[in-house]
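Participant: Single-letter residue listing:
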Amino acid sequence: MKATVHVFLKPGVLDVQGKAVENALHGLGWPSVKDARVGRVIEFDLAETDAEKAKAEVKTMCEKLLANTVIESYRIDVA
Amino acid sequence: MKAAVVVFPGSNCDRDCKVAIERSAGARVEMVWHQETALPDDLDLIVLPGGFSYGDYLRCGAMAAQSPVMKEVVSAAAKGVAVVGICNGFQVLTEVGLLPGALLRNAGLKYVCKPVGLDIVNGQTRFTAGYGEQRQAVMTVGNGEGNYFADEETLDRIEGEGQVVFRYQENPNGSARAIAGIVNAGGNVLGLMPHPDRAFDADLGSEDGAVLFRSIFQSA
Numbered sequence: 038m039k040a041t042v043h044v045f046l047k048p049g050v051l052d053v054q055g056k057a058v059e060n061a062l063h064g065l066g067w068p069s070v071k072d073a074r075v076g077r078v079i080e081f082d083l084a085e086t087d088a089e090k091a092k093a094e095v096k097t098m099c100e101k102l103l104a105n106t107v108i109e110s111y112r113i114d115v116a
Numbered sequence: 217m218k219a220a221v222v223v224f225p226g227s228n229c230d231r232d233c234k235v236a237i238e239r240s241a242g243a244r245v246e247m248v249w250h251q252e253t254a255l256p257d258d259l260d261l262i263v264l265p266g267g268f269s270y271g272d273y274l275r276c277g278a279m280a281a282q283s284p285v286m287k288e289v290v291s292a293a294a295k296g297v298a299v300v301g302i303c304n305g306f307q308v309l310t311e312v313g314l315l316p317g318a319l320l321r322n323a324g325l326k327y328v329c330k331p332v333g334l335d336i337v338n339g340q341t342r343f344t345a346g347y348g349e350q351r352q353a354v355m356t357v358g359n360g361e362g363n364y365f366a367d368e369e370t371l372d373r374i375e376g377e378g379q380v381v382f383r384y385q386e387n388p389n390g391s392a393r394a395i396a397g398i399v400n401a402g403g404n405v406l407g408l409m410p411h412p413d414r415a416f417d418a419d420l421g422s423e424d425g426a427v428l429f430r431s432i433f434q435s436a
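Residue numbers (my numbering), protein chains in the order written: chain W, 38 to 116; chain P, 217 to 436.
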């Protein structure tokens with residue numbers, strides 16, 4: 038299965054990169070852009086074929102390494 | 217009097233730390249590669265130095281926190297050995313869970329490199345006892361991700377327990393409550409963004425960092 042993990046700073050944690058991107062978009066003529074957030078996407082293949090089991094496995098990976106849950110939240114997609 | 221400096225791929229203050237500890241405290245310093253699965257015997261101090269361990273991949277300090285030697289550092293910390301994480305070392309200590317909170321990208325987005333004035337908030341720790349009546353210190357910061365973050369509850373707790381050790385006089389990076397350095401609840405693990413290893417000789421502009429290293433061995 039293919040796992041895709043999206044990691045973003047939690048709401049309430051200042052995302053200075055997102056702010057900078059937002060300001061740049063304003064400068065380029067999109068003044069309506071709001072709440073830009075910059076995150077990261079991690080993709081990998083898994084031997085597991087059961088989606089639920091795969092998701093549980095990836096969740097453990099997120100807690101241990103892929104996200105720092107003090108500051109980040111994550112979303113897992115397996116397909 | 218014996219110290220170990222852990223060397224990760226991408227550490228760049230490891231030699232500075234060795235020289236700083238030798239000259240400030242006269243201690244013997246061994247360099248320990250990150251792949252080691254054992255630490256030297258009878259250590260009084262373990263230092264995680266500044267730099268860009270593993271190229272800051274994933275998050276600052278995240279990969280270093282998973283390296284073999286860190287299991288040994290965590291177990292030495294549990295036995296009460298003094299551990300100091302400076303800059304990237306502080307990031308590693310939060311990633312491995314020895315210290316609360318995390319370090320975010322600087323609020324101003326810029327890498328900040330300059331001497332900073334610090335208030336010594338807690339002069340009773342084994343790292344700061346040597347400052348005596350001195351309540352201020354000057355050290356250099358050099359970081360892009362030194363913006364200390366923790367939730368309000370954690371901040372209240374560490375303030376209440378005296379775990380905030382150093383505070384910036386002028387906050388250079390947006391750190392919560394201007395926190396520059398903290399200790400763990402046990403008082404034997406210190407993380408700080410300013411570099412005592414760049415402030416151990418008058419020729420470097422400050423000798424205040426030398427006091428920190430000396431303190432550790434005086435209390436050992």
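These are calculated hints, taken from the structure and not from any lab test.
None of these values were measured; they are calculated from a predicted model.
Where a beta carbon is used, it is the ideal one built from N, C-alpha and C, also for glycine.
Worth double-checking, as some hints may not be accurate.
Below are the EDC-like pairs computed for lysine to aspartate or glutamate, each with C-alpha atoms no more than 20 Å apart in a straight line [as the list claims (entries may be wrong)]:
| id | chain 1 | residue 1 | chain 2 | residue 2 |
| --- | --- | --- | --- | --- |
| 1 | W | 47 | P | 288 |
| 2 | P | 330 | P | 260 |
| 3 | P | 287 | P | 260 |
| 4 | W | 71 | W | 82 |
| 5 | W | 101 | W | 85 |
| 6 | P | 287 | W | 82 |
| 7 | W | 101 | P | 288 |
| 8 | W | 47 | P | 257 |
| 9 | W | 56 | P | 361 |
| 10 | W | 71 | W | 85 |
| 11 | W | 39 | W | 59 |
| 12 | W | 39 | W | 89 |
| 13 | W | 90 | W | 100 |
| 14 | W | 39 | W | 72 |
| 15 | W | 92 | W | 82 |
| 16 | P | 326 | W | 100 |
| 17 | W | 101 | W | 72 |
| 18 | W | 47 | W | 114 |
| 19 | P | 330 | P | 419 |
| 20 | W | 92 | W | 59 |
| 21 | P | 330 | P | 257 |
| 22 | W | 92 | W | 72 |
| 23 | W | 47 | P | 349 |
| 24 | W | 92 | W | 80 |
| 25 | W | 101 | P | 272 |
| 26 | W | 47 | P | 367 |
| 27 | P | 295 | P | 257 |
Some chain W residues close to chain P (C-beta under 7 Å, calculated; not the full set) [to be verified]:
| id | residue |
| --- | --- |
| 28 | 57 |
| 29 | 58 |
| 30 | 60 |
| 31 | 113 |
| 32 | 115 |
Participant: It remains to establish, for every hint, whether it holds in the given structure.
Facilitator: Here is how each hint holds up against the structure:
Between residue 47 of chain W and residue 288 of chain P the CA atoms are separated by roughly 31 Å; this puts the pair beyond 20 Å, and the hint is violated. With a CA separation close to 30 Å, the supplied pair residue 330 of chain P and residue 260 of chain P exceeds the 20 Å bound. Proposed proximity of residue 287 of chain P and residue 260 of chain P is supported: the alpha carbons are some 17 Å apart, at most 20 Å. For a cut-off of 20 Å, the pair hint linking residue 71 of chain W to residue 82 of chain W is broken: about 34 Å separates their Cα positions.
Proposed proximity of residue 101 of chain W and residue 85 of chain W is supported: the alpha carbons are some 19 Å apart, at most 20 Å. A C-alpha spacing of about 28 Å is found between residue 287 of chain P and residue 82 of chain W, which places the hinted pair above 20 Å, so the restraint is violated. Between residue 101 of chain W and residue 288 of chain P the alpha-carbon distance is near 18 Å, which keeps this suggested pair within the 20 Å criterion. Pair hint residue 47 of chain W plus residue 257 of chain P does not hold up; C-alpha atoms about 42 Å apart against a cutoff of 20 Å.
With a C-alpha separation of about 16 Å, the suggested pairing of residue 56 of chain W with residue 361 of chain P holds against the 20 Å cut-off. Between residue 71 of chain W and residue 85 of chain W the alpha-carbon distance is near 39 Å, which puts this suggested pair outside the 20 Å criterion. For the suggested pair residue 39 of chain W and residue 59 of chain W, the alpha carbons sit about 31 Å apart, so the restraint of at most 20 Å is broken. The suggested pairing of residue 39 of chain W with residue 89 of chain W holds, with an alpha-carbon distance near 13 Å, which does not exceed 20 Å.
The suggested pairing of residue 90 of chain W with residue 100 of chain W holds, with an alpha-carbon distance near 16 Å, which does not exceed 20 Å. Between residue 39 of chain W and residue 72 of chain W the alpha-carbon distance is near 29 Å, which puts this suggested pair outside the 20 Å criterion. With a C-alpha separation of about 12 Å, the suggested pair residue 92 of chain W and residue 82 of chain W falls inside the 20 Å cut-off, and the hint holds. Of the supplied pair hints, the one linking residue 326 of chain P and residue 100 of chain W is violated, its CA atoms being roughly 29 Å apart against a limit of 20 Å.
A hinted pair counts as satisfied when its Cα atoms are at most 20 Å apart, and residue 101 of chain W with residue 72 of chain W does not qualify at roughly 28 Å. For the given pair, residue 47 of chain W sits about 18 Å from residue 114 of chain W by alpha-carbon distance, which is consistent with the 20 Å threshold. Of the supplied pair hints, the one linking residue 330 of chain P and residue 419 of chain P holds, its CA atoms being roughly 15 Å apart against a limit of 20 Å. A distance of roughly 32 Å separates the Cα atoms of residue 92 of chain W and residue 59 of chain W; the hinted pair therefore is violated under the 20 Å criterion.
Distance check on the hinted pair: residue 330 of chain P and residue 257 of chain P sit about 37 Å apart at the alpha-carbon level, beyond 20 Å; violated. Taking the CA atoms of residue 92 of chain W and residue 72 of chain W, the gap is near 29 Å; set against the 20 Å cutoff, the hint is violated. About 41 Å separates the Cα atoms of residue 47 of chain W and residue 349 of chain P, which puts this hinted pair outside 20 Å; it is violated. At roughly 13 Å between alpha-carbon atoms, residue 92 of chain W and residue 80 of chain W fall within 20 Å of each other, so this suggested pair holds.
As the CA atoms of residue 101 of chain W and residue 272 of chain P are separated by approximately 17 Å, the hinted pair is consistent with the 20 Å bound. Distance hint between residue 47 of chain W and residue 367 of chain P is fulfilled; the C-alpha atoms sit about 11 Å from each other, no more than 20 Å. Using a Cα cut-off of 20 Å, the hinted pair residue 295 of chain P and residue 257 of chain P holds, with the two alpha carbons roughly 13 Å apart. Contact between residue 57 of chain W and chain P, as hinted, is supported at the beta carbon level, the nearest pair being about 6 Å apart and thus within 7 Å.
Because the closest C-beta pair between residue 58 of chain W and chain P is about 11 Å apart, greater than 7 Å, the hint is violated. Checking residue 60 of chain W against chain P by beta carbon gives a least distance of about 10 Å; that is not within 7 Å, so the hint is violated. With a cut of 7 Å, the hint placing residue 113 of chain W at the interface with chain P is violated, because the nearest CB-to-CB distance is about 16 Å. The restraint placing residue 115 of chain W at the interface with chain P is violated, with a minimum CB-CB distance near 20 Å, outside the 7 Å limit.
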